[in-house]
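Number of protein chains: 2
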Amino acid sequence: MKVRILVRLKPGVLDPQGRAVHHALEGLGFSGVDDVRIGRMIEMDLADGTSDEDVDKMCRQLLANMVIEDYAIEKVPAGEPA
Amino acid sequence: MKVRILVRLKPGVLDPQGRAVHHALEGLGFSGVDDVRIGRMIEMDLADGTSDEDVDKMCRQLLANMVIEDYAIEKVPAGEPA
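For the protein sequence lines, the chains are H and E, in the order given.
Counting in our numbering, the first sequence runs from 30 upward without gaps.
Counting in our numbering, the second sequence runs from 30 upward without gaps.
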């Protein structure tokens, strides 16, 4: 079972990395970029029996910093690459 | 227009961060984790006229290191949060 976890900063939390990327994109001549936010993607291969509750627990205990970050869990269909 | 870019290490490229997370999950008592790979998620608000080609160029020039990383571009439907 493949699971993808997207961890992003909560709305309102300052994202200096995103600002730097935004600035760099403008420096490269890309206009029309309004906002950039950067987060993490964690892809896990899990044993088929793993419960959603366990995945949730992994996020809360280790993968996301619940003070400043939100997470979303997506199940990746078996056929999809990576 | 909201665009999400997922940047991940190419298959075969060593992922020490993923191994560390894998190890930490096992240390916390989560069994059944077979593999962990860590990547980046970049979420951008773009002007509506921005072409797919431009987004592709941003990835190649700045957002992904094409030597060791692959990227995927996803358009986020307007209604979806974050």
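FYI, nobody ran anything at the bench for these hints, they're computed from the structure.
You may find that some hints are simply not true.
To be verified - Straight line, CA to CA, 20 angstroms or less: simulated DMTMM-like cross-link-like pairs of lysine to aspartate or glutamate:
hint: 1; chain 1: E; residue 1: Lys86; chain 2: H; residue 2: Glu55
hint: 2; chain 1: H; residue 1: Lys31; chain 2: H; residue 2: Asp81
hint: 3; chain 1: H; residue 1: Lys31; chain 2: E; residue 2: Asp74
hint: 4; chain 1: E; residue 1: Lys39; chain 2: E; residue 2: Asp85
hint: 5; chain 1: E; residue 1: Lys31; chain 2: E; residue 2: Asp74
hint: 6; chain 1: E; residue 1: Lys39; chain 2: H; residue 2: Asp74
hint: 7; chain 1: H; residue 1: Lys31; chain 2: E; residue 2: Asp85
hint: 8; chain 1: H; residue 1: Lys31; chain 2: H; residue 2: Asp85
hint: 9; chain 1: H; residue 1: Lys39; chain 2: H; residue 2: Glu55
hint: 10; chain 1: H; residue 1: Lys104; chain 2: E; residue 2: Glu103
hint: 11; chain 1: H; residue 1: Lys31; chain 2: E; residue 2: Asp83
hint: 12; chain 1: H; residue 1: Lys86; chain 2: E; residue 2: Asp85
hint: 13; chain 1: H; residue 1: Lys39; chain 2: E; residue 2: Asp74
hint: 14; chain 1: H; residue 1: Lys31; chain 2: H; residue 2: Asp83
hint: 15; chain 1: E; residue 1: Lys31; chain 2: H; residue 2: Glu103
hint: 16; chain 1: E; residue 1: Lys31; chain 2: E; residue 2: Asp85
hint: 17; chain 1: E; residue 1: Lys31; chain 2: H; residue 2: Asp44
hint: 18; chain 1: H; residue 1: Lys86; chain 2: H; residue 2: Asp99
hint: 19; chain 1: H; residue 1: Lys86; chain 2: E; residue 2: Glu55
hint: 20; chain 1: H; residue 1: Lys104; chain 2: E; residue 2: Asp83
hint: 21; chain 1: E; residue 1: Lys31; chain 2: H; residue 2: Glu55
hint: 22; chain 1: E; residue 1: Lys104; chain 2: H; residue 2: Asp64
Hint by hint, here is what the structure shows:
{"no.": "1", "hint": "E/Lys86 - H/Glu55", "in the structure": "holds, 13 angstroms"}
{"no.": "2", "hint": "H/Lys31 - H/Asp81", "in the structure": "holds, 12 angstroms"}
{"no.": "3", "hint": "H/Lys31 - E/Asp74", "in the structure": "violated, 28 angstroms"}
{"no.": "4", "hint": "E/Lys39 - E/Asp85", "in the structure": "holds, 17 angstroms"}
{"no.": "5", "hint": "E/Lys31 - E/Asp74", "in the structure": "holds, 5 angstroms"}
{"no.": "6", "hint": "E/Lys39 - H/Asp74", "in the structure": "holds, 16 angstroms"}
{"no.": "7", "hint": "H/Lys31 - E/Asp85", "in the structure": "violated, 26 angstroms"}
{"no.": "8", "hint": "H/Lys31 - H/Asp85", "in the structure": "holds, 14 angstroms"}
{"no.": "9", "hint": "H/Lys39 - H/Glu55", "in the structure": "violated, 24 angstroms"}
{"no.": "10", "hint": "H/Lys104 - E/Glu103", "in the structure": "holds, 16 angstroms"}
{"no.": "11", "hint": "H/Lys31 - E/Asp83", "in the structure": "violated, 31 angstroms"}
{"no.": "12", "hint": "H/Lys86 - E/Asp85", "in the structure": "violated, 35 angstroms"}
{"no.": "13", "hint": "H/Lys39 - E/Asp74", "in the structure": "holds, 16 angstroms"}
{"no.": "14", "hint": "H/Lys31 - H/Asp83", "in the structure": "holds, 14 angstroms"}
{"no.": "15", "hint": "E/Lys31 - H/Glu103", "in the structure": "holds, 18 angstroms"}
{"no.": "16", "hint": "E/Lys31 - E/Asp85", "in the structure": "holds, 14 angstroms"}
{"no.": "17", "hint": "E/Lys31 - H/Asp44", "in the structure": "holds, 17 angstroms"}
{"no.": "18", "hint": "H/Lys86 - H/Asp99", "in the structure": "holds, 13 angstroms"}
{"no.": "19", "hint": "H/Lys86 - E/Glu55", "in the structure": "holds, 13 angstroms"}
{"no.": "20", "hint": "H/Lys104 - E/Asp83", "in the structure": "violated, 29 angstroms"}
{"no.": "21", "hint": "E/Lys31 - H/Glu55", "in the structure": "holds, 17 angstroms"}
{"no.": "22", "hint": "E/Lys104 - H/Asp64", "in the structure": "holds, 15 angstroms"}
Taken one by one, the earlier hints fail for this structure at numbers 3, 7, 9, 11, 12 and 20, listed in ascending order.
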